[in-house]
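Asks: Chain by chain, the residues run as shown.
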Amino acid sequence: MPLTIADLKKGQRAVIIDSSSEDIPLKLLEMGCLPGNIVELLQVAPFHDPMYLNINDSYLSIRKETAALIIIEKVNE
Amino acid sequence: MSKQINVALIGNPNTGKTSVFNALTGLNQKVGNYPGITVDKKEGICKLSRGVKAHVLDLPGTYSLNASSLDENVVIELLLNKNDKDFPDVAVIVSDVENLKRNLLLFTQIKDLKIPTILVVNMADRMSRKGISLNIELLEQELKTKIALVSTRKNEGIQELKTLIENYKNLSIEPCLDTSTIDSEYFANLKKAFPNQDLYKLWVVISQDANFGKIDRNELDFSKFKTKTKSELKRLQQKETIKRYQFINNTLKEGQTIDKSKATDLRTKFDKILTHKVWGYLIFFVILLTIFQVIYDWATVPMDFIDSSFASLADWIKMTFPEGGKFTNLIAEGVVAGIGGIVIFIPQIAFLFLFIAVLEESGYMSRVVFLMDRIMRRFGLSGKSVVPLISGTACAIPAIMATRNIENWKERLITILVTPFTTCSARLPVYLIIIALVIPEGRFLGLSYQALTLMLLYMVGFGMAIFSAYVLDKILQTNRKTFFVVEMPNYKLPLLKNVALTVLEKTKTFVFEAGKIILAISIVLWILASYGPGKDFNNAETIVEETYPELQGEQLDNKVAAYKLEHSFIGIVGKSIEPAIRPLGYDWKIGIGIVTSFAAREVFVGTLATIYSVGSALDDDDKTIKNRMANEVHDNGNKVFTLASGISLLLFYAFAMQCMSTLAIVKRETNTWKWPMIQLFGMSFIAYVIALIAFQILN
Amino acid sequence: MTEITQNIIIAVIGLLAIAFLVRKYIWSPKKKNSKSCGNDGCGC
Numbered sequence: 001m002p003l004t005i006a007d008l009k010k011g012q013r014a015v016i017i018d019s020s021s022e023d024i025p026l027k028l029l030e031m032g033c034l035p036g037n038i039v040e041l042l043q044v045a046p047f048h049d050p051m052y053l054n055i056n057d058s059y060l061s062i063r064k065e066t067a068a069l070i071i072i073e074k075v076n077e
Numbered sequence: 078m079s080k081q082i083n084v085a086l087i088g089n090p091n092t093g094k095t096s097v098f099n100a101l102t103g104l105n106q107k108v109g110n111y112p113g114i115t116v117d118k119k120e121g122i123c124k125l126s127r128g129v130k131a132h133v134l135d136l137p138g139t140y141s142l143n144a145s146s147l148d149e150n151v152v153i154e155l156l157l158n159k160n161d162k163d164f165p166d167v168a169v170i171v172s173d174v175e176n177l178k179r180n181l182l183l184f185t186q187i188k189d190l191k192i193p194t195i196l197v198v199n200m201a202d203r204m205s206r207k208g209i210s211l212n213i214e215l216l217e218q219e220l221k222t223k224i225a226l227v228s229t230r231k232n233e234g235i236q237e238l239k240t241l242i243e244n245y246k247n248l249s250i251e252p253c254l255d256t257s258t259i260d261s262e263y264f265a266n267l268k269k270a271f272p273n274q275d276l277y278k279l280w281v282v283i284s285q286d287a288n289f290g291k292i293d294r295n296e297l298d299f300s301k302f303k304t305k306t307k308s309e310l311k312r313l314q315q316k317e318t319i320k321r322y323q324f325i326n327n328t329l330k331e332g333q334t335i336d337k338s339k340a341t342d343l344r345t346k347f348d349k350i351l352t353h354k355v356w357g358y359l360i361f362f363v364i365l366l367t368i369f370q371v372i373y374d375w376a377t378v379p380m381d382f383i384d385s386s387f388a389s390l391a392d393w394i395k396m397t398f399p400e401g402g403k404f405t406n407l408i409a410e411g412v413v414a415g416i417g418g419i420v421i422f423i424p425q426i427a428f429l430f431l432f433i434a435v436l437e438e439s440g441y442m443s444r445v446v447f448l449m450d451r452i453m454r455r456f457g458l459s460g461k462s463v464v465p466l467i468s469g470t471a472c473a474i475p476a477i478m479a480t481r482n483i484e485n486w487k488e489r490l491i492t493i494l495v496t497p498f499t500t501c502s503a504r505l506p507v508y509l510i511i512i513a514l515v516i517p518e519g520r521f522l523g524l525s526y527q528a529l530t531l532m533l534l535y536m537v538g539f540g541m542a543i544f545s546a547y548v549l550d551k552i553l554q555t556n557r558k559t560f561f562v563v564e565m566p567n568y569k570l571p572l573l574k575n576v577a578l579t580v581l582e583k584t585k586t587f588v589f590e591a592g593k594i595i596l597a598i599s600i601v602l603w604i605l606a607s608y609g610p611g612k613d614f615n616n617a618e619t620i621v622e623e624t625y626p627e628l629q630g631e632q633l634d635n636k637v638a639a640y641k642l643e644h645s646f647i648g649i650v651g652k653s654i655e656p657a658i659r660p661l662g663y664d665w666k667i668g669i670g671i672v673t674s675f676a677a678r679e680v681f682v683g684t685l686a687t688i689y690s691v692g693s694a695l696d697d698d699d700k701t702i703k704n705r706m707a708n709e710v711h712d713n714g715n716k717v718f719t720l721a722s723g724i725s726l727l728l729f730y731a732f733a734m735q736c737m738s739t740l741a742i743v744k745r746e747t748n749t750w751k752w753p754m755i756q757l758f759g760m761s762f763i764a765y766v767i768a769l770i771a772f773q774i775l776n
Numbered sequence: 777m778t779e780i781t782q783n784i785i786i787a788v789i790g791l792l793a794i795a796f797l798v799r800k801y802i803w804s805p806k807k808k809n810s811k812s813c814g815n816d817g818c819g820c
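Chains as they are written, first to last, in the working numbering: chain A, 1 to 77; chain B, 78 to 776; chain C, 777 to 820.
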């Protein structure tokens with residue numbers, strides 16, 4: 001099972017590998033959720049949903065079901 | 078001869094685009110409607126120099142030309158339609174210095190449409206605080222545009238912007254990158270099939286998400302062209318986005334330097350607490366309670382003033398123009414009372430929108446959406462439903478209009494349908510008078526029973542809204558797709574000018590949208606109450622004199638008036654529904670009140686005042702409506718307003734859809750009569766049943 | 777003002793009010809297609 005943004009813990013950072021799933025809104029890609037960009041999990045609401053992220057210096061929140069579609073790779077810090 | 082330049086203000090949300098618009102147009106702005114769709118059209122006039130004006134259109138904020146909501150669709154509809162009278166001579170893209178990377182995506186797309194474009198870098202005053210510096214000359218060269226560094230807060234850069242706008246003909250219309258390379262073969266075929274059309278424009282039309290409104294494709298016939306499947310198009314769009322960002326990243330690598338060590342970051346510090354799992358919610362509820370308390374306290378003073386002013390005005394009119402007879406009464410009791418009934422809510426509504434505007438301007442609202450989304454979704458709503466639901470406590474009309482930014486149609490529809498359950502300002506007069514009548518004195522845990530009842534009613538309203546949302550969610554067909562992407566903007570101090578203009582606009586909406594309807598209905602109702610069919614009404618004096626020969630003077634007048642009312646058109650309606658409402662504890666007089674309330678709830682108190690002040694033949698020193706009502710008895714001698722009937726009435730008003738203005742707005746926002754009708758009958762049915770049960774149990 | 781004059785003025789105002797309400801509620805949509813919310817995934 002590939003790692004997705006939904007698996008991130010608070011404060012963790014990762015690199016986006018694949019954001020090509022059809023169910024990801026285009027708007028999210030246009031806000032910078034593209035392969036190669038860094039994503040950091042800043043806050044989560046209860047039940048881990050929604051997730052408040054910093055993607056490519058864009059601060060936004062998305063629902064967990066969307067986050068689960070974006071495949072990432074952990075960054076070694 | 079004055080020349081007018083068409084300007085379109087475009088940009089991401091939260092870039093301060095509205096501030097730029099306000100700085101350019103000042104008070105010379107107005108809000109209208111785009112024909113056929115429910116998006117506000119904001120436009121204004123800006124004087125550039127002697128004899129030269131700019132017509133500025135403030136388009137809805139969007140992140141890209143690819144629309145994901147009705148609002149955003151407006152942008153692309155305009156920019157693709159050269160024949161539209163508002164088609165811009167020059168596009169002003171507003172970006173904010175901290176989010177330049179993302180803002181430039183839209184910029185490059187617009188450049189591709191070959192429209193003269195100016196780039197505004199707003200919030201320039203924050204540059205040094207964030208350690209950002211820009212090489213303007215280089216950027217202007219790479220992006221093939223002219224840049225204006227603007228700070229609306231410090232009022233800098235506006236004049237430069239105006240000059241750039243005036244000299245728009247000097248702007249380059251070359252695109253800054255070539256997007257056709259994402260699939261050269263496909264674009265070459267496109268070009269062959271439609272040699273006379275701009276290539277990028279074709280691409281935009283083809284690739285639009287069909288869910289968000291069809292671009293007028295009349296001039297473009299794609300039936301012969303072998304276009305791609307939806308998923309192929311999506312992939313291509315992704316490729317396009319990646320390519321644009323590559324260009325942007327390269328440009329900014331040279332043109333922008335960020336010294337992170339200089340940057341101060343308030344956002345993450347605040348968000349640690351404000352979006353905290355526990356503190357976040359606590360703080361939010363405290364803020365809510367404070368708002369309600371403050372509004373309650375602040376609004377009473379102006380409301381009392383307005384109340385007495387209009388009452389005096391009505392009296393004055395009656396005294397000064399007695400020769401007008403019935404006509405004078407129409408003006409005093411129908412028109413003035415009707416207008417008064419609207420104006421009296423302005424303080425409350427304005428204050429509530431003031432608070433909401435401050436919360437939005439500061440950036441805090443996005444955090445509220447974040448905190449509430451999960452809970453809201455359990456009930457078929459969205460985090461974005463919070464603002465409409467809260468606004469509904471002022472007035473459902475602007476609240477329902479605020480649902481426009483909810484992308485998911487089902488969440489939006491459910492929000493629209495349940496918002497009227499929240500306790501709007503118009504219910505308060507009814508609540509207050511009934512509570513004062515039937516709820517006993519006494520305290521519980523320091524709060525009076527009366528205050529507790531009021532609080533309970535608010536909670537019942539919210540509770541019913543949430544509960545019916547839950548039910549509707551189960552009934553309506555599900556839509557799997559979620560488009561929820563909410564930007565969390567940086568916190569900023571709300572600009573007074575923006576807040577004031579927003580409050581003004583929302584209050585005007587209430588006054589004119591609701592106001593016109595309420596006034597018209599007040600007039601019609603007055604007529605129905607002042608005229609009646611047949612001999613009973615017309616011979617009222619004679620009949621009463623014969624039946625009560627001992628009555629004289631004012632008592633006789635009152636009795637006649639009461640008789641007339643009973644036999645007027647509205648009296649007949651009230652009496653005919655009496656059998657239906659007696660199980661709820663009401664009599665025909667309350668029946669009249671309820672019927673008139675279906676126009677607008679607040680009319681209830683005024684109607685009862687009329688009915689009881691003219692209906693009672695008692696010798697009363699104390700003329701307050703409350704005392705009259707307290708003394709009202711049924712034919713069998715029992716009091717009309719008891720705890721049972723009072724609570725029944727309160728609950729009825731809590732749930733019944735008694736606002737024609739709301740129905741009109743729902744019809745407009747959903748484009749069909751189906752939903753307002755369902756609301757009307759559904760809510761009234763619920764109100765009836767619950768009021769019935771309440772009365773029968775308590776009696 | 778005679779009673780008849782009053783009644784006429786009132787009737788006129790009443791009719792205007794009713795006309796306004798009718799227009800508001802039974803206004804036949806000019807270019808409204810059946811693009812109504814809540815019927816399909818219109819994402820409006």
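These aren't lab readings, by the way, just hints derived from the structure by calculation.
Since we're looking at a predicted model, the values are computed, not measured.
Hints may contain errors.
[Stated by the list, open to error] Straight-line C-alpha distance at most 25 Å; calculated PhoX-like pairs for lysine-lysine: (1) B/K354 with A/K10; (2) B/K320 with A/K10; (3) B/K320 with B/K307.
Asks: Next, verify each hint and record whether it holds.
Replies: Hint check:
1. Between B/K354 and A/K10 the CA atoms are separated by roughly 12 Å; this keeps the pair inside 25 Å, and the hint holds.
2. With a C-alpha separation of about 31 Å, the suggested pairing of B/K320 with A/K10 is violated against the 25 Å cut-off.
3. Taken as a hint, the B/K320 and B/K307 pair is honoured in the structure, with Cα atoms around 20 Å apart against an allowance of 25 Å.
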